[in-house]
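**Q** Chains as they are written, first to last, in the working numbering: chain A, 1 to 112; chain B, 113 to 223.
Everything labelled a hint here was simulated from the structure, so no lab data went into it. Mixed in with the good hints there might be a few duds.
The following label-pair restraints were derived from C-beta to C-beta distances [to be verified]:
1) Ser191(B) <-> Gly16(A): 47 to 53 Å
2) Asp166(B) <-> Thr83(A): 45 to 51 Å
3) Thr15(A) <-> Gln193(B): 39 to 45 Å
Being a predicted model, the structure only gives us computed values, none of them experimental. Idealized CB from N, CA, C, for every residue including glycine.
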Amino acid sequence: DVKVTQSSRYLVKRTGEKVFLECVQDMDHENMFWYRQDPGLGLRLIYFSYDVKMKEKGDIPEGYSVSREKKERFSLILESASTNQTSMYLCASSLFVNNEQFFGPGTRLTVL
Amino acid sequence: GDSVTQMEGPVTLSEEAFLTINCTYTATGYPSLFWYVQYPGEGLQLLLKATKADDKGSNKGFEATYRKETTSFHLEKGSVQVSDSAVYFCALRHTGNQFYFGTGTSLTVIP
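Between the sequences and the hints, there should be enough to build the whole structure, so can you do that?
**A** See the structure below:
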């Protein structure tokens with residue numbers, strides 16, 4: 001089974017802190033994605049990556065950056081956390097362009 | 113641009129009731145369509161998919177048919193169980209890597 005793991009299930013940070021969310025997949029997938037999930041808004045794509053060191057902006061990249069130094073790991077970085085970044089963050093991966101996405105369990109981030 | 117619209121929730125049903133969750137999409141050409149399910153405290157899991165018009169996806173008693181003429185992909189189940197309580201997301205994938213998700217429909221099944 002494909003496994004996508006995220007470093008934390010729950011995280012509490014203070015405004016202005018730098019926050020790292022880590023995602024690891026174990027199936028050699030090319031594509032990896034970061035979403036945020038908010039009530040009434042569904043899932044919104046922040047960034048995705050289709051190869052090591054490659055990244056593309058999604059619909060809401062402002063305030064975020066990403067890093068993909070190894071194929072299995074895709075990190076989401078909040079350079080200076082703000083309260084409006086309190087959300088559930090979901091990581092996903094897929095093998096090729098036309099394949100389904102496999103999701104991690106999510107990280108619920110609270111910024112105080 | 114591409115988008116997905118699904119019915120607002122929450123939906124509450126009694127066990128063994130019939131379920132329909134509506135989903136319509138906007139996209140040019142022929143997108144692939146998906147239903148994902150999110151159980152409490154978990155990430156999303158693929159429930160079923162259809163990649164071309166008139167395809168029917170099915171899994172765990174759930175079905176959805178890709179209707180090009182009505183741009184719809186409604187989710188149905190004939191007899192829901194308490195264990196089906198979850199949030200259901202309709203999604204499409206068109207050109208490129210990007211998926212577009214609906215806002216989710218919360219389903220609660222009561223015994």
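**Q** Of all the hints numbered above, which does this structure not satisfy? Sort the numbers upward.
**A** none
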